[in-house]
Amino acid sequence: MVASLVGFLGDFDLAEEAAQEAFTIAAERWPRDGVPANPGAWLTITARNRAIDRIRRDRTLAEKTRQLEVPEATMDELDDTVIEDERLELIFTCCHPALALEAQVALTLRALGGLATADIAHAFLVSEETMKRRLSRAKAKIKATGIPFVVPAEHLLPDRLNAVLAVVYLIYNEGYSGRGSLASEAIRLGRLLATLMPDEPEVHGLLALMQIQHARRKARFSGEELVLLEDQDRSLWDAEEIAVGREALDRAIALRGRGTYVLQAAIASLQAEERIDWNEVAGLYGQLAQITRSPVVELNRAVAVAQAGSTEQALEIVEQLALGDYQYLHSTRGELLRRLGRADEAREAFERALALARSARERRFLERRIAEL
Amino acid sequence: MKYALMVFQAPAEYEGLSQEEQPAVSAEYYALRDDPRVLGGAPLQPVHSATTLRGREGQTVITDGPFADTKEVFGGWFLAEADDLDAVLEIAGRIPALRFGGAVEVRPLVEGPH
Numbered sequence: 031m032v033a034s035l036v037g038f039l040g041d042f043d044l045a046e047e048a049a050q051e052a053f054t055i056a057a058e059r060w061p062r063d064g065v066p067a068n069p070g071a072w073l074t075i076t077a078r079n080r081a082i083d084r085i086r087r088d089r090t091l092a093e094k095t096r097q098l099e100v101p102e103a104t105m106d107e108l109d110d111t112v113i114e115d116e117r118l119e120l121i122f123t124c125c126h127p128a129l130a131l132e133a134q135v136a137l138t139l140r141a142l143g144g145l146a147t148a149d150i151a152h153a154f155l156v157s158e159e160t161m162k163r164r165l166s167r168a169k170a171k172i173k174a175t176g177i178p179f180v181v182p183a184e185h186l187l188p189d190r191l192n193a194v195l196a197v198v199y200l201i202y203n204e205g206y207s208g209r210g211s212l213a214s215e216a217i218r219l220g221r222l223l224a225t226l227m228p229d230e231p232e233v234h235g236l237l238a239l240m241q242i243q244h245a246r247r248k249a250r251f252s253g254e255e256l257v258l259l260e261d262q263d264r265s266l267w268d269a270e271e272i273a274v275g276r277e278a279l280d281r282a283i284a285l286r287g288r289g290t291y292v293l294q295a296a297i298a299s300l301q302a303e304e305r306i307d308w309n310e311v312a313g314l315y316g317q318l319a320q321i322t323r324s325p326v327v328e329l330n331r332a333v334a335v336a337q338a339g340s341t342e343q344a345l346e347i348v349e350q351l352a353l354g355d356y357q358y359l360h361s362t363r364g365e366l367l368r369r370l371g372r373a374d375e376a377r378e379a380f381e382r383a384l385a386l387a388r389s390a391r392e393r394r395f396l397e398r399r400i401a402e403l
Numbered sequence: 010m011k012y013a014l015m016v017f018q019a020p021a022e023y024e025g026l027s028q029e030e031q032p033a034v035s036a037e038y039y040a041l042r043d044d045p046r047v048l049g050g051a052p053l054q055p056v057h058s059a060t061t062l063r064g065r066e067g068q069t070v071i072t073d074g075p076f077a078d079t080k081e082v083f084g085g086w087f088l089a090e091a092d093d094l095d096a097v098l099e100i101a102g103r104i105p106a107l108r109f110g111g112a113v114e115v116r117p118l119v120e121g122p123h
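Protein chains in written order, with the numbering used here: chain A, 31 to 403; chain B, 10 to 123.
Treat the hints loosely; a few may be bogus.
Taking lysine-lysine pairs in the BS3-like style, the calculated list, with each CA pair at most 27 angstroms apart, reads [to be verified]:
#	chain 1	residue 1	chain 2	residue 2
1	B	11	A	173
2	A	173	A	162
3	A	162	B	80
Partner residues aside, some chain A positions facing chain B, computed with beta carbon under 7 angstroms [to be verified]:
#	residue
4	174
5	175
6	176
7	177
8	178
Restraint ranges, calculated between C-beta atoms of paired labels, are given here [what the hints assert, rightly or not]:
#	chain 1	residue 1	chain 2	residue 2	range
9	B	68	A	211	57 to 65 angstroms
10	A	158	B	75	35 to 43 angstroms
11	B	55	A	355	36 to 44 angstroms
To be clear, the hints were calculated from the coordinates, so they are not data collected in a lab.
Here the structure is a predicted model, which is why all the values come from computation and not from measurement.
Even glycine gets a Cβ: it sits at the ideal position worked out from N, Cα and C.
Please construct the entire structure, taking both the sequences and the accompanying hints into account.
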C-alpha cells in the first residue's frame, strides 16, 4: 500500500503518514460498519484522500493558490493489480544508483520488506537514530533530485536491474553470516521480484541461489564452529527448499539465462548433489570468471579443480592470483599445500590466513588446521 | 525540474587533443547546447585565470587561483530542465568530458521564489 501511495504522491514521508492515518480510521470504522469488500483498495484510497487533504492544507497555509492537479481517486480506478505493479517502481526507486548503497539497502527493507526502522538498525548494527537519519536523508534526496518512480527505460534496465539484485543479495549475505531473519527477508524480496519480473532470468537465478544456500543453513555451523561443505551433515539440509530453488534455476535456464546469478545458482545446485561433479563445477566457475574477471571466482575455480582431483593444477591457478591480503587465498593455498605433503609451506600459508581472519569462528577453524599438520 | 550540470576535467586532457579532434569535441558541446532541454551553459576560461575571494574573520581575502587545488577543475556548466533525474542523467551522460576521465556533478536547483 505504501508503494502505491509513494507512486501517487512521490513522497515517502507523506505516504507513510497517510497510510498510518488510513489504518487508524479503519480501526475505528471497520468494527462498527463492517469490513469493506476490498480492504486493501479501501485503505489505499482512504490514505490517498487523506494525503490530498494534507497537501491542500499545507498549500493553503503557504498561501499558494495553485490547485492540486490530482483528482480524487475512486474505487474503480484501483484494484490490487495496480498496487502490485507499483511495487516494482518502488524497488527501482529505492535501488537508484544516485543513492548510497547503504541507503538503498535500508530503503528497500523499509519500503518493501516492511521492516521497522528499529529492526533495520538492529540488523546493521547501528543505532536507531543513525538509521532514522540515513532513511530520511535518502528520502530527502529522492524528493529533491527527482529520482523517478518508474521502471527504467529498456536501455537502462539491465544496469538498474543489476543494482536491484545486488541490493537483495547484499541483504541476503548480511543474513548468511548469522542474522537469519535478513536472509529470509532477502528471499521474500527475491520471490517478489520473480513475480513482478517473470521474464528476467537473473531474477530467478538470484532467487535460486539464495534458496539453495539458505537450505544448507542448519548444517553450516556445528555449535559455533564453521563446517565446510564437504563435511556438512546433509540430513540437516532442507530438501524441500533445495527443490524449490532448483525449480527457480530451471526457469532461469529455460529463459536462456547465463548471467552471474544463474551460474552461481547452477554451482550451488551441483554442490547440493549427492555426488558432486567437480569438473562441471570448475567449468561453471570458469564461465563466471570470464564474466566477472574476479580473482575470487578464480580462487573458487581452483578449489573445484582440486576437488576434481588435480591438486597441482589448482595450486598453479592460486599462485597466479593477485589477492595478497585475502584470507581465503592463503587458507586455500594452505589446504592445497597440505594435500601435496608440503607441510611447512602449508603452515606458513595457514598462519598468514590466521593473521587476516576476522571472526573468532574462522580463527578457531584455522588453528585446528594448523594443529592437525 | 531544473538542474545544474557542473563539468570537472583535468585541463591537460582537452589540451592534449589533436587539431582535428578539438573541433569535433566542441561540436558535441554545441549539440548539447542546442538540445531544447538545455536552458544555458558556458565553458570557463582556463583555471589559471581564476581568482578566489574568501571570507576570513570579517575580511575578504583575494587570492590567485581556484578555490580548491585539485587535478580536475571546474571547467564549465549547463543548466537543464528535465522531468526527473533519469532524464537529466541521460543529458549529462553525453558531456564529452566524461570520455576524457572527467566528471559531471548534477544538482537540482532550488525551485520557486528565492
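query = If you check each hint against the structure, which ones fail?
reply = Hint 3 contradicted; others consistent.
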